[in-house]
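Undergrad: Given the coordinates of chain A, assemble chain B onto it according to the supplied hints.
Protein chains in written order, with this note's numbering: chain A, 401 to 978; chain B, 305 to 539.
Note that these hints are calculated values from the structure, not bench results.
For glycine and all other residues, C-beta sits at the position ideal for the given N, C-alpha and C.
Don't take every hint at face value.
[Unchecked claim] Derived contacts from chain A toward chain B, CB cut-off under 8 Å, selection only: (1) Asn491; (2) Glu492; (3) Val495; (4) Gly505; (5) Met585; (6) Arg594; (7) Lys598; (8) Gly602; (9) Glu742; (10) Ile782; (11) Leu799.
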Amino acid sequence: MKTPLGGAFEGPSDDAHGLGPMQQLTRPMRRYPPSEIADYVIVGVGSAGGVLLQRLARAGFRVIGIEAGPFWDTERDWVSDEKGSESLYWNEPRVTGGRHPLALGENNSGRGVGGGSVHWAAFTPRFHPSDFQIHTLDGVGVDWPMSYWELKPYYELLEMEMPVAGPARYPWGDPHGYPYGPHPMGAVGNALIRGCTKLGIGVSIGGPVAILSGSRGNRPHCIYRGFCIQACKVGAKASTLITHVPDALRSGAEIRDRCLAARVNVGADGRVSGVTYIDPQGREVEQKARAVIVSGYAIETPRLLLNSACARHPDGLANSSGTVGKYLMAQAGNVILGRFDEPVRMYKAPPAHALTEEFYETDPKRDFARGFAIQTVGPLPIAFAKQMTTAKKAWGWRLRQVMMDYNHWAALGLLGEILPWEDNTVSLATERDRHGLPVAHVTFNLHDNDLKLIEFGKNKVMEVMEAAGAEEVVQEPRYAHLVGGARMGFDPRTSVVDKFGRTHDVPNLFICDGSILPTQGSANPGLTIQALAARTADYLIAQGTDVFQTNKRPLDAPRVRRDLSPPEALGHGVPRLK
Amino acid sequence: MNDSKRHLWPVDPATGEPIPPRAQPGYYPRFQVLSQQAFWDEATRRVVLDRVENVPEIRFFSAAEATLLEAVFNRLLPQDDRDEAHRIPLVPYVDERLFSGKGDGYRYEEMPDDPDVYRLALAAFDAMANELHAKCFVALDVSEQDAILESIHEGRPLGDVERWRLLPARRVFAKLLHDAAATYYSHPFAWDEIGFGGPAYPRGYMRLERGEPEPWESAERRYAWVPPDGKGAPR
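If we strip away everything but chain A, and leave its shape as in the complex, we get (with noise of 0.2 Å):
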C-alpha cells in the first residue's frame, strides 16, 4: 500500500494557529499599545517564561513576553526531518573555548516560542533532596538557599500541568509516583533493561518523560515516531508552546516574537524601568514595565546583564557581585554506543524512555563526590554518523561500512553531575552580532572531580551496555544542557538572585530560568526549571503591587496557588495518592 485510506495527509486547511493536529489558537491575542506600561516584561518565552507568562496573566497581571526566535505553527514550521529542524536551535554566532569546550547550537539551545522545551528529549525526573545542600553533604559546590521541600509542591503541579508519564512508584530521591502511565519500550530501553538486570541494577522504564501515554484534551498521545528532538508535531510531548502559552494568551498575555531584547534600561531611581529589543525589522523599541523578569537561558541571560552595564552598573546589571556569567554549568553526556547482533532500530520510541538513578548519590566507596544517571538516548542518522567519527574515529569507507550497521546500534546516555566553578564562564565577546551586540564567549574547564566522575560512569555505563549483550561498545565524550551564570543564594557577595529569582541589586529585576541554579544534580533540569517558575510566579503574585512601588525585598515562602494551573491540565490522569 503506497497510499493512505482516503488520500494523502495535507494538514490542517484553515488559517488557524496549529499546535498539533488538535489544538488551534482561535482568538487573536492582544496586542498592548506601545505606550502602555506593562506589569511585567518577560524577555524569552521558553521552559521558565512560558510557565511565568501563563501564571501572572491568569492571575490579572498585564504581562509582554519578548522572544528572540518565532511564534511556531507546528504543522506549517516543524517537520520529522533532521536537517530540516535547524531552525529549532539558537544558531545565531557565539564563542566556545576553555580547556573542554561545549558544542553549542543544536546540542543545548532553543530559539522561539517555547524555547528548549520545544526540542528537549524530555525526560523530567525532579532533583533529589540532596542536590540542595551538597556542600553541608558532600563538602562540594555549594548549597541552594532553599530545599527540595520548598519546590516538592511545586514538581508535583508541574507534573500534572506537562503531564509527565512514569512509573506508579519512582524509587530514588524522594519517592513518588507519576499521573500518567508508563510509555512501552523500544528497542534501547530493552537493551538498558537486559544490561541493568543482569548486573543488579534497579531501572524505571516508560518515563519520567514529559510525553503523553495518552490522549489529554486536545493532545493526542504519543505514536512513537522517535523525532522527540526535532520538536513533537503530533503535540504528545509536552513544550510550554502546547501547554502553558495558550492559556497565557486566553488570559490576555501578549508575546512579541522574533523581538531580541538588546538591554534592560534602568532608571534614575535605580530600578530598572524596561526593556530595549530590536523588533523584526531591525527596529530598535523601548517597552516600559513596572518590573522585568529575565528568562534568557545560561547564556543569553548573562550576555543581556553584561550587555545592559550603565553608568550605574558598569560591570553588567544586578552584577555587583562580579558573579554573573560564572558558575556555568553543563551536564557529561557521553554518548556509549553498542552493536548487537540482532537489529535494534533505535529511531522508533522516543529517545527518552528509560533510566537508572542507582548512582545518583555520593558513594564513599569512590574517590569523586555526587553521581550520574544511565539513560536511553536514540539518534538519528546524522546525529549518529557524527557520533561515529568520534567514537570509532570512521571517516571514508569506513564511515559508510559503520552506517550501514545503524539497526544494529542502540545508545546510551551518561548524564553526570559537573560541579559549580568560578571559571566556567559566560562572558561578552569582541565581536558582535547582526544588531551590533556583543555576543557571548563561553569558557569551559572540567576539574578533578568531575574528570574521575565521567571516567567512572563512562566505564560503569559500558559494562550495562556489555551486560545488554553487545558485541562492540564504543563512547563518544560530549556535554548535555546548560545552566548557572547567574545563581541564586543567601549571600549577596557570591550569587546574584535570592531564593525567588530576585536580584540582590535591582528590587524589581528578576532571573527565572536556568541560569538561576547553583548546582544542577544528575537529573534533566527542564521540570525543575518549570518547577522554579511556577514558584516565583507565586511569589509574585503573593507580593502584589509591592514590587513595582517599593523596596521590600521579603523572603517568606508564598502560598502554593494550584489553582492557577492551566485549566485543560486538571481532571485527567491518575490521582495522586497520598
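TA: Chain B alone, transformed into the frame defined by chain A:
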C-alpha cells in the same frame, strides 16, 4: 559500464572481485523511503522533496574550489559504489549554507568563521599536494589524497606545519566530515541504504521492539564487502 574506475569499487572478500556500482548499496535492497511520502505531513514532504529535486547552484565557492572540495568529499564519504544517477550531491548544500551565512550557533575560539575555515582549508590541501607531490590535490591518486587527509585527521598534517598554525587540523577535519555526513545522511537515498524508516508523522511506528520492520519497511539482507583498499571496518 565504465570499468576504468574498477580500482575505486568495493570488493567482495570471498572472490576478491570488485563489486560494480548499483542504484542502491546497503542491506535493504527494495526499501525506498520516498515510496511512503503520501503518509507524511505536507511540510515534511515539501522539505524532503525539495532537497532531492532542487540541488542548489554553486554560489559561494569558485569553480576550482568546488571541484577541489568535491574531491575531498569523495574521500571523506566515497560514493563509488553508487551508480551516477544515485550519487548524493554534497558540495552544493555546503555551498548554500556558506553562501546564505547560516551558522550552526558557535565557533571554537581558536577557529575562524566557517567561510574562512573552508577557504583556508582548501588552499591548505592544494599547498600540501604541491609540496609533497608537485601536483594539485585533485590530480593526486586516491591513496595520496587519503594520506594527506589522514594526517589532518590525526592532527599531524604532512608537510609544512606552519600553514596549520591558525587552523587547528583536527577541528577542521571534523567540521568538513560532519558537514559531509550531515548532508549525505539527510538524503532519502542514504535512508534507503541504511534501512532508516524516515518521516513518520502522522502515521507513527508500531513495532517498537526487537528491531522489527514495520509492514512497509524491509528486513535486512546482508552481503559482504570491503573497501577497495582492503582496510575496512573489522566486521
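Undergrad: Okay, which hints does this one fail, numbers in order?
TA: Violated: hints 6, 7 and 8.
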